[in-house]
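In this text, residue positions in the sequence shown follow this note's numbering: the first is 1, and each later residue adds one.
Treat the hints as calculated values from the structure; they're not laboratory data.
Taking CB as the label site, the calculated pair distances span:
hint, residue 1, residue 2, range
1, Thr29, Trp86, 14 to 22 Å
2, Ser27, His47, 17 to 25 Å
3, His47, Arg102, 14 to 22 Å
For each residue, glycine too, the CB sits at the ideal point set by N, CA and C.
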Amino acid sequence: ATIATTAVKPTRAASTTAGLLLNKPLSLTLWDIRSELGVGFQTWPQHVLEQSNIHFGGDQCTGLTLLHANVELNGYEILKGVFLCWDQASFARAADLIRWGRHRTDQCRWLRGLSIWQNG
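Make the full structure from the sequences, and use the hints.
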């Protein structure tokens with residue numbers, strides 16, 4: 001599935017909307033920030049981390065989010081068939097699916113940061 005270049009989904013709080021900016025690649029890979037990565041990345045091979053580029057998601061936090069279209073990996077569905085994951089268990093599951101040949105690294109869009117604004 002093709003992933004859109006913007007994604008916006010209202011949060012549970014009626015006064016807040018969160019979105020992701022997906023069109024600005026950073027000059028970083030997961031390998032570059034490996035010392036910051038949690039246990040969800042312990043099983044990822046070095047070559048996969050080196051091939052996993054990180055994109056700018058917004059300036060409101062520095063956490064990682066995985067945008068993907070793999071129903072088997074699942075996550076928080078922002079559009080039909082398009083998901084976000086930001087927890088270590090999901091990152092570890094993505095590593096398993098890649099290792100088993102059921103998900104490709106080029107089907108992952110890693111985002112650093114979010115954009116959050118008030119409604120109105």
